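Modelling step: build the complete structure from the supplied sequences, incorporating the hints.
Chains U and F are the protein sequences, given in the same order. Going by the numbering used here, the first residue of the first sequence is number 2, and it counts up by one from there. Going by the numbering used here, the first residue of the second sequence is number 2, and it counts up by one from there.
If you're looking for bench data, these hints aren't it; they were derived computationally from the structure. Given the structure is predicted, the values throughout are model-derived calculations rather than measurements. Misleading hints may appear alongside valid ones.
Note that the list lumps identical chains together, so a pair holds whenever it fits in one copy or between two copies.
[Said to hold, decoys possible] Calculated lysine-lysine pairs in the DSS-like style (CA-CA distance at most 27 Å, straight line):
1. Lys190 - Lys53
2. Lys280 - Lys297
3. Lys280 - Lys185
4. Lys190 - Lys386
5. Lys280 - Lys44
2 protein chains.
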Amino acid sequence: MTAPVEINVGLMGLGSVGGGVAAALLDRSETLSNKIGLPIGLKKILVRDPGKTRDPAIPSGLLTTNPEDILDDDDIHVVVEVIGGTDPAASYLKRALSAGKHVVTANKEVMAQSGPELFRLAEQNRVNLLFEASVAGGIPIVGCLMNELLANDVFSIRGIINGTTNYILTRMAHQGAEFQQALKEAQDKGYAESDPTNDVEGIDAVYKLSILASLAFHHRVAPQDIYRQGISTLEANDFRYANELGYAIKSLAIASLENGSIQARVYPALIPLDHMLAKVDGVYNAVEVEGSLCGKVLFHGMGAGREPTTSAVVGDLIEIARRIGVQGPPSPMVQNGRPLSIRSIDELETRYYLRLTVADRPGVLAQISKILGDGGISLASVIQKDSDPAQQTAELVITTHPAREASMQRSLQQVAGLEVVTRISNLLRIEGQLDPS
Amino acid sequence: MTAPVEINVGLMGLGSVGGGVAAALLDRSETLSNKIGLPIGLKKILVRDPGKTRDPAIPSGLLTTNPEDILDDDDIHVVVEVIGGTDPAASYLKRALSAGKHVVTANKEVMAQSGPELFRLAEQNRVNLLFEASVAGGIPIVGCLMNELLANDVFSIRGIINGTTNYILTRMAHQGAEFQQALKEAQDKGYAESDPTNDVEGIDAVYKLSILASLAFHHRVAPQDIYRQGISTLEANDFRYANELGYAIKSLAIASLENGSIQARVYPALIPLDHMLAKVDGVYNAVEVEGSLCGKVLFHGMGAGREPTTSAVVGDLIEIARRIGVQGPPSPMVQNGRPLSIRSIDELETRYYLRLTVADRPGVLAQISKILGDGGISLASVIQKDSDPAQQTAELVITTHPAREASMQRSLQQVAGLEVVTRISNLLRIEGQLDPS
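Here's what the structure looks like:
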């Protein structure tokens, strides 16, 4: 295949993730094309029911129910498969590769079971096969094992790679819920399926670990090579006792290499409360890679869902499209048409922490809060600390609601000028909101 | 340049990281060549003092004090620069790119100040310029922003990207140390330099944030665009009060994009104790990227040091070498000559948590511990819980020292057969060791 002037994509599947990929290609094709350095477009979408109402609407001319419209179209350079399941997805993938098409897939089951066969086909046909979305959604762990961390001999992979079970275990740990109750909550929230077997029995995690371990060790680790234990035998008491002993309970997927031998397992395990993996809560995923050079690197993020999975699929699509485009991507640091500006710190709006030493007498706080109030800054909390009777001073710690930096600095100067203020010890910004868990 | 049959590397600088890169290329060239799909070798190393004793020794024929021996050698395809500082490193990089050589650099100062100019040179000469090691050592954040996460519009970057200051702040937070004392400890441990200005005043973090923000927003964010505040005014009291209010204090590097406007700053800030960034301790680094699709993805790992930085440099080298090698890398999942095997779970050696219901009478623990002891399993702790007077039972929670899975399973069967044991509630493995901080 010679280098095309435009890259045509065939999309197989238009469920949740397929919809995200279609939206990226239809609504944001210019941004994508800029990042690639070549135009990219969606040529055909394989669906089951072309008459179904979709939001947003997809031009009906793009839809087909016939896989040949994608697999046999020589103008389609890349096939994106987001159907899921082994049948017919696996056969579509093989046919696409055999036809010399590059492939992006989100299919963990097919990659775990037939990865080596698909790679042979990709090599024979000199095309790329990428599958970032098959493990841990928005976390770029697959790409990092294949590229950025490749200088390392990997010693181990340890991960929380099933959001459903992690949600259930988090509820059991923090709310003292029993398994059935936590499972029902997960089902009510749409995190667990009505038949939760694949998730709670660790089958899903086994597929994902099979992929990660094979990449990490450059050696086939098949799903049947992996020991598996589900989480349904856990009881609320286990979490209480583990916590007393200083541990969290997490369903871990672990593959380690020692003395030329690989051991891989998925099971609920105790892990010290201070370990980063113990702090991964709710539907979040995390993977820790230990390498000969990099040491322990931990990745933490959303492991599933339409947007994170779309991030992975479209990321793969960009990578493949750039390789087809041959001449290399555009400079990564240069403005690509967006009229951005850079703001001064004066325009920052944030919460503040202010520590100051003041005279220990009535009315001082009133003077300070009047200045702040006049500057449009409202107080969130005030603590008086460490009175010093000898000096007749006290330490005040004030936090504010969000305010503008310029106002804060102006008000601070006025506060510093007050006769009752001995010293402004520190003005710090308060950053970050708690992540939902 | 036509595709070579062997890739020759010129290394500029043989300090700590240079030594790591040289070792990777000299001692592990076959492994590296396997990963690339082409032979790769080290042709020349620029040093200041060729007579210096080095461990391990470097063949003296590789050493030169003359940069022209690398920059003017047409057989050298890739220049790796690990000299540091702007002068003469910047001019070497420009000359290498102008001579049509690919470049890997660890130089944050040069990339922050002259990145756009270097990229123009790389584009004009159709060569690659990679710089993973310039930010956060072993954490693959630069590559992920340039590749895996590229489908996203990035909203913000928040990071702890200076290990020296994070070590100091961790000591101040956990040991109640004052700044000067914590700084001295950092210096004694080799984490801080004798003149610590670059680290504690945030200058180093500004260079790194300049690089990350430029990549994230595809728009130049120069060091002088970034607001900067150091950590030397912090006192132990600030950490105490922040903790009471529910916050940690961290030196954060933040760049955010809102309404077409970028705001970038490096300063010590309060961050909720439950936020993942609040849990980054000691010399560890972490970077959180928030993107339109991926949501919040956090990377955590070693931000400096010989091995992590070597991981980044050699990772870049592999990526460049693969692009030169044109036909693409070998299949990432397939065995590359290593005679690995896969171990059964029976051979696992780990610590265990065992919860069981037993008769509440004397001598029960003796029977259980005898069986475990006969199996070579020694107890680490025993807690008796929740006696049930009506049933005359009690719950026992036992943790063990490391034991083999096969022994544990055999012993467990015997324990289950004891007349005094009513129920084995759960057997869980204990995973993970606490990371040093």
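The hints, checked one at a time:
For the identical chains of this complex, Lys190 and Lys53 are intra-copy neighbours only, at 25 Å inside a copy versus 65 Å across copies, given an alpha-carbon limit of 27 Å. For the homomeric pair Lys280 and Lys297, the shortest alpha-carbon distances inside one copy (16 Å) and between copies (15 Å) are both at most 27 Å. When the C-alpha separation of Lys280 and Lys185 is checked against a cutoff of 27 Å, the pair qualifies only within one copy, where the shortest distance is 23 Å, while the shortest distance between copies is 31 Å. Taking the shortest alpha-carbon separations for Lys190 and Lys386, neither the intra-copy value of 45 Å nor the inter-copy value of 34 Å comes in at or below 27 Å.
Taking the shortest alpha-carbon separations for Lys280 and Lys44, neither the intra-copy value of 44 Å nor the inter-copy value of 46 Å comes in at or below 27 Å.
Hint check: violations occur at hints 4 and 5; the rest are consistent with the structure.
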